[in-house]
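Asker: Chains as they are written, first to last, in the numbering used here: chain A, 1 to 410; chain B, 1001 to 1410.
It is worth saying that the hints were derived from the structure and are not from the lab. Some hints could be false.
With a straight-line Cα cutoff of 20 Å, these simulated EDC-like cross-link-like pairs (lysine to aspartate or glutamate) come out [said to hold, decoys possible]: (1) A/LYS198 to A/GLU117; (2) A/LYS56 to A/GLU349; (3) A/LYS198 to B/GLU1351; (4) B/LYS1198 to A/ASP369; (5) A/LYS56 to A/GLU351; (6) B/LYS1056 to B/ASP1279.
Number of protein chains: 2
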Amino acid sequence: MANSTTSPAPLAGIRIVEIGHFIAAPFASRILGDLGAEVIKIEPPGGDPVRGWGEKVNGASLWWSVHGRNKRSVVIDLKRPEGVEAAARLIARSDALIENLRPGALARLGLGRERLESLRPGLIVAHVSGYGQDGPMRDRAAFGVIGEAIGGLRYLTDHPPGTTDLPPPRVGISIGDSVAGLYAAIGILAGLVSRGMKGDAADRLCVVDVALTEAVLSLMEGVVTEYGALGIVRQPVGSRITTAAPTNAYPSSDGRWVIIAGNSDLLFQRLMRLIGREDLGARADLQSNRGRIAHVDEIDQAISQWSRQYDARRLAAILAEADIPSTLIYTAAEIAEDPQFRARGMVREVEDPRHGPLLHPGIVPMFPDSPGTIRNTGQDVGADTDAVLTDIAGYGPDDIARLHSQGVIG
Amino acid sequence: MANSTTSPAPLAGIRIVEIGHFIAAPFASRILGDLGAEVIKIEPPGGDPVRGWGEKVNGASLWWSVHGRNKRSVVIDLKRPEGVEAAARLIARSDALIENLRPGALARLGLGRERLESLRPGLIVAHVSGYGQDGPMRDRAAFGVIGEAIGGLRYLTDHPPGTTDLPPPRVGISIGDSVAGLYAAIGILAGLVSRGMKGDAADRLCVVDVALTEAVLSLMEGVVTEYGALGIVRQPVGSRITTAAPTNAYPSSDGRWVIIAGNSDLLFQRLMRLIGREDLGARADLQSNRGRIAHVDEIDQAISQWSRQYDARRLAAILAEADIPSTLIYTAAEIAEDPQFRARGMVREVEDPRHGPLLHPGIVPMFPDSPGTIRNTGQDVGADTDAVLTDIAGYGPDDIARLHSQGVIG
């Protein structure tokens, strides 16, 4: 693969079973797999539906090459008792289990708390759901867009009230699911740390309960506290930052947007010189951030008049040259070509058996001395069933043949 | 405090030194502190500027009560050699160090790799920065808004091209910093797991290098891969989901927005009955998701006509009653009152010595058997200097008095 190292990745030796689908739980285990954990993804016959999402080449999803990477794929029908038994045998040999079925569904399959604890006393079990494993709303359906709205993110991602009749846009990626996945990864790792510190005393299940709504809420800064104390309902502010001016997205001559953050006293002076508006730079009422915030419309208009004269690439170059914090708003094209991402392996070419060379995002967080590798690019559904059931669950060839013929595994 | 438990929190016994400011690194250590780690925040004289951010009561920030919680505050002037020595003594007794100075600044202070390794061979060191610790861009200034734009998030958080002349709105919270903080927490925990597995062999520094730009990029689904393979530049889609219809934000009579996700065949039928448009439910060309996507404008218009008849609370109740995945887009007010958040302690009242009772977000991820507590609500600057330097760094009262009088500590 693109990357090799002699020092083992930080999570080498950790084994995680995933009973997950769509985004949140699989994203968590992908991050852990990127860091070297062995991830066994248990899929239903036919596989996780996310295998078919996004743009495809020859019927194979490109996103799957990333989302499914660094995992082993095992097909087990968990609606069959022998399937549950096979999963139980894998769990018994693993450090952690992550799942995002509806709350209670895992227990109904026969893998409730007591069973899991008897299988593997010190197991970490991470449940990921829309609203959490208990409480009055736990059984309601939650998609990412709903969790993002309940957590408060959607309301604040908008232009100020009265600016437009358009509805508030989504963050254009599955942000709520991904953030829930990151919290689930944190939970699993904190559980492993805790278990390690307890040594042999780690004889109880360590349960982690991540809700998409709560993962989003936890990013909400002082929003809840300010409402509780002062009754202030934080409002969306569009493309600006309300506390530091000027900071905004400014138009280029070719229809793009460039972020300029000229919001310290020094940067403001430098920016006004650059755009030929020393008159604004000299004005007494614009010397402080407070004053600039009060006159932000006037300042933003001056910057926009200047920025519209140049195309986006030229604008970005002029601003970089003047050492003013700024950037073109990147599309996929700029990301793919960015020299910093390339230099750090954060955009890298990876060989995919289905597609040939593909661009993948790198491994985050980076461990420079043991960076981990992209060991596979999303296995075909069930590609590892026989090997995993043999090597880890201890099934013999006759059992495996029988389970195949009965449709319990695939 | 609001919450107590007999089982220790998962990270009890872990000690982390933070040399951080603003959001990313302090957010990471707050999450680890919430899970029970002892976090020692080293601040310059005067304290982290974020202490003054956001809405205030009697001059004290409300956000700080959350952002600064579960840490000890130690004031050390790291520009003084004796200050660096005091920090070194704390680091020597800690499990991890997290910092977000400019790349290279820590080494220039005298806390480079070799020194840290000599102080504490198995230390986890997490660096958080805009662009990472190496590469051609490492020294450029990066604010959150810049990292979000480079990582690709800003471009996709917008209405479709041609819909409006307004610039793309920000996600209205510091999402890039927070996500970088989550990855830093993952890095520290993975390092601790790795160190635990290696036992006494963990005699080398474990370095983690998190860039804000890269943390954002890692959430970008198949965006880079699809561009690389097909040249497709993913475009923003506004308030819809392009792959499943109908899913959108719909207006209420009182100027609010309600998310409705009626995008399975079954849910679509149910929703069309609810809004009195059985004619659409019966139409042959709308029976499949593909067909609904092709006619999404017509469907969204019908739903909007219906939704505008009701105020937001009534709309949400009608939709919940009909069991259609949906929610009002929550403001701070709805978050604070939500029965599910309250039931799970995710919005809770906490006593703040400066403010009296305040609403805080809860601890995520939740460990139901050892949930951790909110042990403090952001210490005053330097509140723990003497105790920490005495108990952990081993300074005597005379040294501490001298360092105070020399202005090395505060």
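Asker: Starting from the hint list further up, note which numbers the structure goes against and sort them upward.
Answerer: 3 and 6
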